[in-house]
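With chain A's structure known, arrange chains B, C and D on it following the hints.
Residue strings, one per chain:
Protein chains: 4
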Amino acid sequence: MLKTIYTACRTCYSADYPINIYNSTDDKEKMLKLIDRIISSGHFSTIEHIQVTFAISNVSRSCTHQLVRHRHMSFSQKSQRYVKEKGQFDYIIPPTIDQNEELKKKYQDFMKDISEKYQEFVESGIPAEDARFVLPNATATSLVASLNLRELIHIANLRLCSRSQYEIRTMVKMMCEVLVKEEPWLEKYLVPKCKRLGFCNEDKSCGRKSNLS
Amino acid sequence: MLKTIYTACRTCYSADYPINIYNSTDDKEKMLKLIDRIISSGHFSTIEHIQVTFAISNVSRSCTHQLVRHRHMSFSQKSQRYVKEKGQFDYIIPPTIDQNEELKKKYQDFMKDISEKYQEFVESGIPAEDARFVLPNATATSLVASLNLRELIHIANLRLCSRSQYEIRTMVKMMCEVLVKEEPWLEKYLVPKCKRLGFCNEDKSCGRKSNLS
Amino acid sequence: MLKTIYTACRTCYSADYPINIYNSTDDKEKMLKLIDRIISSGHFSTIEHIQVTFAISNVSRSCTHQLVRHRHMSFSQKSQRYVKEKGQFDYIIPPTIDQNEELKKKYQDFMKDISEKYQEFVESGIPAEDARFVLPNATATSLVASLNLRELIHIANLRLCSRSQYEIRTMVKMMCEVLVKEEPWLEKYLVPKCKRLGFCNEDKSCGRKSNLS
Amino acid sequence: MLKTIYTACRTCYSADYPINIYNSTDDKEKMLKLIDRIISSGHFSTIEHIQVTFAISNVSRSCTHQLVRHRHMSFSQKSQRYVKEKGQFDYIIPPTIDQNEELKKKYQDFMKDISEKYQEFVESGIPAEDARFVLPNATATSLVASLNLRELIHIANLRLCSRSQYEIRTMVKMMCEVLVKEEPWLEKYLVPKCKRLGFCNEDKSCGRKSNLS
Chain A
12 MLKTIYTACR TCYSADYPIN IYNSTDDKEK MLKLIDRIIS SGHFSTIEHI QVTFAISNVS
72 RSCTHQLVRH RHMSFSQKSQ RYVKEKGQFD YIIPPTIDQN EELKKKYQDF MKDISEKYQE
132 FVESGIPAED ARFVLPNATA TSLVASLNLR ELIHIANLRL CSRSQYEIRT MVKMMCEVLV
192 KEEPWLEKYL VPKCKRLGFC NEDKSCGRKS NLS
Chain B
12 MLKTIYTACR TCYSADYPIN IYNSTDDKEK MLKLIDRIIS SGHFSTIEHI QVTFAISNVS
72 RSCTHQLVRH RHMSFSQKSQ RYVKEKGQFD YIIPPTIDQN EELKKKYQDF MKDISEKYQE
132 FVESGIPAED ARFVLPNATA TSLVASLNLR ELIHIANLRL CSRSQYEIRT MVKMMCEVLV
192 KEEPWLEKYL VPKCKRLGFC NEDKSCGRKS NLS
Chain C
12 MLKTIYTACR TCYSADYPIN IYNSTDDKEK MLKLIDRIIS SGHFSTIEHI QVTFAISNVS
72 RSCTHQLVRH RHMSFSQKSQ RYVKEKGQFD YIIPPTIDQN EELKKKYQDF MKDISEKYQE
132 FVESGIPAED ARFVLPNATA TSLVASLNLR ELIHIANLRL CSRSQYEIRT MVKMMCEVLV
192 KEEPWLEKYL VPKCKRLGFC NEDKSCGRKS NLS
Chain D
12 MLKTIYTACR TCYSADYPIN IYNSTDDKEK MLKLIDRIIS SGHFSTIEHI QVTFAISNVS
72 RSCTHQLVRH RHMSFSQKSQ RYVKEKGQFD YIIPPTIDQN EELKKKYQDF MKDISEKYQE
132 FVESGIPAED ARFVLPNATA TSLVASLNLR ELIHIANLRL CSRSQYEIRT MVKMMCEVLV
192 KEEPWLEKYL VPKCKRLGFC NEDKSCGRKS NLS
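Chains as they are written, first to last, in this note's numbering: chain A, 12 to 224; chain B, 12 to 224; chain C, 12 to 224; chain D, 12 to 224.
Derived from the structure by calculation, the hints contain no laboratory data. All values derive from a computational prediction rather than experimental measurement. Hints are supplied without guarantee of correctness; some may be wrong.
For chains that are exact copies, the list does not tell them apart, and a pair is met inside one copy or across any two.
In silico BS3-like cross-links for lysine-lysine, where the CA-CA straight-line distance does not exceed 25 Å [what the hints assert, rightly or not]:
no.	residue 1	residue 2
1	95	44
2	199	39
3	199	128
4	95	215
5	199	117
6	215	44
7	116	14
8	199	95
9	95	41
10	184	199
11	41	215
12	128	116
13	97	115
14	184	116
15	128	117
16	97	116
17	220	116
18	41	14
19	184	206
20	199	41
21	97	128
Just chain A, same shape as in the assembly:
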């Protein structure tokens, strides 16, 4: 990963062929130093050369309706048209409901009701693609998602913000953590936007950084 980015950075400023730069024996520390300088100057195109792919499951359709709004990503998502739910569909419980026993019970019971209604429509001959109209935002879905490092940093900046919705924030956090485990140098870029800007540009700050007065 580092070698490819380093080659991309060096190619812009060097008379040498990219393949020679790639095959040169620069040490890791030197590479990181250059990459850091380039990214700090906002020359993000150099990190587009690295694309990462995530296998995601157990997120709600609410969450993915937000996620697929990111247009520099590639998605392959479980279809509710072609995949019929058999038995109780999997679903997500928001923490505000999960931590209240009574509401949680009511929520789970209702998910059972919805599942039964869905099955009734299917058994009445309604195709899955129409029966799913009763399925809730809570319904769990799966997807394969790919994006380059520039887009990942952009998404982290937006979605790690406390104003971002809980579920997508958690999911993006997990995606970042998985990657940082393998590429620790990325950690400082995968932060909420206020850490990058130095101030909060939302209407009301969560307190991490102040609004500009």
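Okay, now just chains B, C and D, sitting in the frame of chain A:
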């Protein structure tokens, strides 16, 4: 619209300045003839210079989850986080259910149940962004959507196909019709992909065009 | 323009239909206030609904090689394959050369030499697409370019920076000025990135804003 | 590569988690069969999950001005602003000139003239970014370029067409060959557009496929 596209087409092949081409007095028929030749050759970039904007309402969240997968579009959509549903939420009834009195009644009653459950969670202090987890795919939504003509033709080619889901097919058909009323020359491009390819590339043809053997 | 952006902004937070919002009689000041708040929060997608088109001429091929790197734009550019240069080709003189009489003379004479060489190759039967290999970066070109307001702000932020190359900086400045004349509210966004960030993120500051220590 | 694409394809139609699909032991032939069916139906998004990176050198600035028009690619290119040419710059000779001894000699001599003129301007204190205005389209450049398989197929379809300019056609052909050596199943997709369409949509066919009458 025509004048801008014509100027774009002519700029590629002319020694003259674009502004002079734009201000020249070419007649409509001549413009259409050139544009037609260019589009037929697949040089679609020339029609990217025209962007159109649609105000869309009364479509399901199912439909928009599909729609926002098109990445060359711009969207501003009603938020289920910030807009609380007051009273019965609006919803879409799929035709297969709408045309069966019994199923329709069952569907409508259940939408009422869901609405009540949503309100109960809201009244229990659950924020709208979490209460909406019980809202169904059927829930109506609104959005402003912009796209250029190249993307519109691409989307028409895909979504007017009989294999496309009923609701998004209907919506794209309406978008095309509204535009064709003002720009009739676009009609022949806003067709299912089989009409453009000359054959059906789906697994099973609907009969409009045959599969390649 | 304002009405479309305002409709897009309001659609996200309103239970009303976009078409009703569009047709409502909100006054300009109210619209500007909302738009300003939304853009300041970084929710740039709302201004993607406005696309603007520029007819550009008398810029060098150097300049356009840089310009066409912006991937959220649409371009139709004069072709050096299909448009043969007749007589002396038009060319750009960089200011550092233009302001020195002796160097300017040498430059102009050499452009004449290049033109003659180009014509000799053409007369020897070499097709324009190959004869143009001798044409210099200085060669003037024309193009039609379209982009939405989000991309225009992004480009202004990058290309109005003093580190940006003189010619593209001048061109982007002219594009911004033409637009600001018609839409003065845009002026405060069409600025070098340091004005947006509050600091300079280039290696060496030009002095307008300091580097972060 | 195959396993990722296969997982993406299967995820759309399966109730199973993507990670389980990825870890399942499906044989290569079965994977290829599914992938082939999906691509043939035009569902190209599944192959966006694979991005490939090329180190390219010894192509002309003419060629890269065309190449960087592809907007679904990432580029890092040798800068003529920051990298000063020392001694004779490298350049490309078009085949129509290369195969004629007399014209070739004239071309090479003129490249020497240009180089001398460039050096004179540099020695007169003109910065590299302005001196390069005399450098020709023929000047060799280097770049790192990344793109996903969908874009590569799209580019192959366009640029392997006989109407495409010789140099970019040759370059894209080499890119495809290098990749096909490692992934032979891709060969049938990396073809000129007429092979995909079944007919030629250019103004005049080269004879490989006929125009539609």
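These are the hints, each one checked on the structure:
| no. | hint | result |
| --- | --- | --- |
| 1 | 95 / 44 | between (51 Å within a copy, 24 Å between copies) |
| 2 | 199 / 39 | within (17 Å within a copy, 40 Å between copies) |
| 3 | 199 / 128 | neither (48 Å within a copy, 43 Å between copies) |
| 4 | 95 / 215 | between (43 Å within a copy, 20 Å between copies) |
| 5 | 199 / 117 | neither (42 Å within a copy, 51 Å between copies) |
| 6 | 215 / 44 | between (36 Å within a copy, 17 Å between copies) |
| 7 | 116 / 14 | neither (52 Å within a copy, 41 Å between copies) |
| 8 | 199 / 95 | neither (42 Å within a copy, 34 Å between copies) |
| 9 | 95 / 41 | between (53 Å within a copy, 23 Å between copies) |
| 10 | 184 / 199 | within (13 Å within a copy, 34 Å between copies) |
| 11 | 41 / 215 | between (41 Å within a copy, 21 Å between copies) |
| 12 | 128 / 116 | both (18 Å within a copy, 13 Å between copies) |
| 13 | 97 / 115 | both (23 Å within a copy, 23 Å between copies) |
| 14 | 184 / 116 | neither (28 Å within a copy, 43 Å between copies) |
| 15 | 128 / 117 | both (16 Å within a copy, 9 Å between copies) |
| 16 | 97 / 116 | both (22 Å within a copy, 24 Å between copies) |
| 17 | 220 / 116 | neither (38 Å within a copy, 53 Å between copies) |
| 18 | 41 / 14 | within (11 Å within a copy, 34 Å between copies) |
| 19 | 184 / 206 | within (15 Å within a copy, 31 Å between copies) |
| 20 | 199 / 41 | within (18 Å within a copy, 40 Å between copies) |
| 21 | 97 / 128 | both (12 Å within a copy, 24 Å between copies) |
Consistency with the previously given hints fails for numbers 3, 5, 7, 8, 14 and 17, ordered from lowest to highest.
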